[in-house]
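Q: Spelled out, the chains give:
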Amino acid sequence: MSESQIIALSATEAAAAVIAGELDERELYGVYHRRAREHGGSDALNCFTWVSELSEPGGAPQRPLGGVPLAVKDLFCTKDVPSQSGSKILEGYRPPYTATAVSKLQQAGATMLAKTNQDEFAMGSSNESSAFGPVRNPWDRGRVPGGSSGGSAAAVAAGLAPWALGTDTGGSIRQPAALCGIVGLKPTYGAVSRYGMIAFASSLDQAGPLTRNVADAALMLRHMVGQDEADATSLAFPEPISVPDGVRLDGVRLGVATQLSAESEGAGGIEPGVAAAFEATLKLAQELGASIKTIELPHAPHALAAYYVLAPAECSSNLARFDGVRYGLRAEPGGEDGERGLLGMYTRTRHDGFGAEVKRRIMLGTYALSAGYYDAYYGRAQRVRTKIAEDFKTAFQDVDFIVTPTSATVAFELGALTDDPWAMYMNDYFTVPMSLAGIPAISIPCGLAGDGLGPGGNGLPVGFQIAGPAFSENRVMQAAHALEAAIGFDSAAAFA
Amino acid sequence: MIERDEVLHVARLARLALSEQEIEAMQGELSKVLDHVAKIGELDLDGVPPSTHVVEITGALRPDEPRPCLPREVALASAPAVSDDGFLVPSPQA
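Line by line, the protein sequences are chains A and B.
FYI, in the working numbering the residues of the first sequence are 1 to 496.
FYI, in the working numbering the residues of the second sequence are 1001 to 1094.
Certain hints may be false.
Stretch by stretch, here's where chain A covers chain B in the computed footprint (C-beta under 8 Å, at least three residues) [to be verified]:
(1) 1031 to 1045
(2) 1073 to 1081
Here are some of the chain B residues that sit facing chain A, going by a computed Cβ distance under 7 Å [as the list claims (entries may be wrong)]:
(3) Val1010
(4) Leu1013
(5) Ala1014
(6) Arg1015
(7) Ala1017
(8) Met1026
(9) Pro1049
(10) Ser1051
(11) Val1055
(12) Ala1060
(13) Leu1070
(14) Phe1087
(15) Pro1092
Below are the SDA-like pairs computed for lysine to any residue, each with C-alpha atoms no more than 25 Å apart in a straight line [stated by the list, open to error]:
(16) A/Lys79 to B/Arg1067
(17) B/Lys1032 to A/Met424
(18) A/Lys88 to B/Arg1067
(19) A/Lys79 to B/Phe1087
(20) B/Lys1032 to A/Gly269
(21) A/Lys79 to B/Leu1076
(22) A/Lys393 to B/Gly1041
(23) B/Lys1032 to A/Gly355
(24) B/Lys1039 to A/Ser261
(25) A/Lys79 to B/Leu1070
(26) B/Lys1032 to B/Ser1019
(27) B/Lys1032 to A/Ala356
(28) A/Lys283 to A/Ser472
(29) A/Lys104 to B/Leu1070
The hints are simulated quantities; they were obtained by calculation from the structure and are not laboratory data.
Ideal Cβ placement from N, Cα and C applies to all residues, glycine included.
Build the full structure now, drawing on both the sequences and the hints.
A: Right under this line is the structure:
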């Protein structure tokens, strides 16, 4: 097979070709390894923080994943391989063990190709908070890929990796998938072990696939799910993950929430092109047999506010471990706060090691948890979270899935939102409610928007989000597969 | 606007040294975000229990039995400074 034939294969097709003996596993790896080195570095897309030194895989071609190369978000601990969570405070850190999600994929036959760039500690929606510089969107290198799994999304969209592993706390898989024109799935909270993921907000963090199509997402998820003794919040998935083959949506009830649609003022204005692509997809769904129903999620407009209390609160606690003692950066005492000795070492190390967005969130979270403010912020936000989860439960009595645009806008220009934290946080408006409710949601590319933007001026990708009740991944992907086939999105324009 | 002293108090709780520039920026940025976040204060949440875990979970306990852990030299390998068999840190009294 030629290089262009090889990179045209989806991960599912590549694995099948290797297992059938039609494609040499080493050839497959070699093609991606060359491409990753050529296009993934800081002088190009900057989507990788590390690319394997191995020019040949030591894989296992007969296992279910056929040795297909895998790109892994930087925040997964990978034994003896840099795992820095996009932060200077962990620069060069090589953990002594591997995250469960990664080792499960490796055991199933995936070959580690590279680690992907990300927002620092997964805090960001544009990949611009990375200590290793911003990732560039393969559709337009002057624009962001979204975040925080921006490196994973860009690598898959540009054909530098067949698929990638990411994490989603408030939208960090779905939003970059949308902005890069690929598929991203956030599983049910607890479906995949968090062991070995460098924690941001533990009650929300969840690992998931970023892939070229829905079938690849299902194949990856199948080999990730399961209870893990090392993560007490992980759960046994109630059924095997099946390969989606749906082509119709007969009888499927899709809910469009008033609060998560173009009518909602809280959404901050859906771009007309995004709204048009969303509406066109709803029409397609109807043609496939689905019915559309307007539903109410009364508390959804408050999800973002609750999230930006809860996630920073958890982050301020989780990131307390970066103190210059056990791993990572240590700075000598002598900060501007005048602290000396051990305390001075802590405060100076954290001053030097964390970037601006991470400091902001640590401060926000510490403030929200501090005496006198705890009830007004953290306590209230946890009550809002209860209401949001209830809203979804009620809605799912009337509809099978809830659909929204994944993001109100297409990919924006580098630097466009960096001076206004809340405007950046608004990127998560449509994805955060599902995260707070712990339910699965997928983003699939549904078209292009923006006259004159993107390759040939044809526009930039728009994402269509489908959310279902807890553990409904199989049904969500079945519906996504049917829509994907009808949409026929062409991602080739983004290939490097 | 959040007071400068409040920023310094929170930074101290968070074990974070901030430069003059960062203190000033933090006052403005935290205030703006908290203004948006304050909207949850308008909701009637009387009698609503705070969320603890959104997906039903049972039996997260396992038997508390000793088992092997990371060897000491592996655990110490990434530390910025070690002394004998432990992590080396500056004296709190320094």
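Q: Does each hint hold? Answer for all of them.
A: A quick look at each hint next to the structure:
no., hint, result
1, 1031 to 1045, "holds (count 11)"
2, 1073 to 1081, "holds (count 7)"
3, Val1010, "holds, 5 Å"
4, Leu1013, "holds, 5 Å"
5, Ala1014, "holds, 4 Å"
6, Arg1015, "holds, 4 Å"
7, Ala1017, "holds, 3 Å"
8, Met1026, "holds, 6 Å"
9, Pro1049, "holds, 6 Å"
10, Ser1051, "holds, 4 Å"
11, Val1055, "holds, 5 Å"
12, Ala1060, "holds, 4 Å"
13, Leu1070, "holds, 6 Å"
14, Phe1087, "holds, 5 Å"
15, Pro1092, "holds, 4 Å"
16, A/Lys79 to B/Arg1067, "holds, 21 Å"
17, B/Lys1032 to A/Met424, "holds, 13 Å"
18, A/Lys88 to B/Arg1067, "violated, 34 Å"
19, A/Lys79 to B/Phe1087, "holds, 21 Å"
20, B/Lys1032 to A/Gly269, "holds, 20 Å"
21, A/Lys79 to B/Leu1076, "holds, 15 Å"
22, A/Lys393 to B/Gly1041, "holds, 24 Å"
23, B/Lys1032 to A/Gly355, "holds, 19 Å"
24, B/Lys1039 to A/Ser261, "holds, 20 Å"
25, A/Lys79 to B/Leu1070, "holds, 13 Å"
26, B/Lys1032 to B/Ser1019, "holds, 20 Å"
27, B/Lys1032 to A/Ala356, "holds, 16 Å"
28, A/Lys283 to A/Ser472, "holds, 23 Å"
29, A/Lys104 to B/Leu1070, "holds, 20 Å"
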